[in-house]
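S.K.: Sequence:
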Amino acid sequence: MPNSEDIATESLVFFQKLKLACNLFLFTISHLANLFIFQCVKKKKLKD
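Per the UniProt record's numbering, the sequence shown runs over residues 1 to 48.
Simulated from the structure, these hints should not be mistaken for lab results.
We treat Cβ as the ideally placed atom computed from N, Cα and C, and that holds for glycine.
Be aware that one or more of the hints could be misleading.
Label-pair restraints from in silico Cβ distances [unchecked claim]: (1) F14 to L35: 29 to 39 Å; (2) L46 to L20: 50 to 60 Å; (3) L46 to Q16: 36 to 46 Å; (4) S30 to E10: 25 to 35 Å; (5) L12 to K43: 43 to 53 Å; (6) N34 to I7: 32 to 42 Å; (7) D6 to L46: 54 to 64 Å; (8) L46 to K19: 36 to 46 Å; (9) K44 to K17: 37 to 47 Å; (10) D48 to V13: 26 to 36 Å; (11) S11 to F36: 51 to 61 Å; (12) K42 to E5: 48 to 58 Å; (13) K47 to T9: 54 to 64 Å; (14) I37 to Q16: 28 to 38 Å.
Whole structure, please, built from the sequences with the hints as guidance.
M.R.: In structure tokens, the structure reads:
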């Protein structure tokens with residue numbers, strides 16, 4: 001049986017990795033959204 005401290009440490013590391021992955025995912029999504037909006041605005045300005 002692994003002791004509870006090991007389990008606590010491993011779950012903490014897991015949650016930190018999960019949080020990091022979520023932050024990276026959200027950052028990527030918002031970055032892509034910004035690029036997309038920027039392209040749309042640029043196209044509209046060219047049309048005007």
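S.K.: Hint by hint, note whether the structure agrees.
M.R.: Results for each hint:
no.	hint	verdict
1	F14 to L35: 29 to 39 Å	holds (32 Å)
2	L46 to L20: 50 to 60 Å	violated (39 Å)
3	L46 to Q16: 36 to 46 Å	holds (45 Å)
4	S30 to E10: 25 to 35 Å	holds (31 Å)
5	L12 to K43: 43 to 53 Å	holds (47 Å)
6	N34 to I7: 32 to 42 Å	holds (40 Å)
7	D6 to L46: 54 to 64 Å	holds (60 Å)
8	L46 to K19: 36 to 46 Å	holds (41 Å)
9	K44 to K17: 37 to 47 Å	holds (41 Å)
10	D48 to V13: 26 to 36 Å	violated (53 Å)
11	S11 to F36: 51 to 61 Å	violated (37 Å)
12	K42 to E5: 48 to 58 Å	holds (55 Å)
13	K47 to T9: 54 to 64 Å	holds (57 Å)
14	I37 to Q16: 28 to 38 Å	holds (31 Å)
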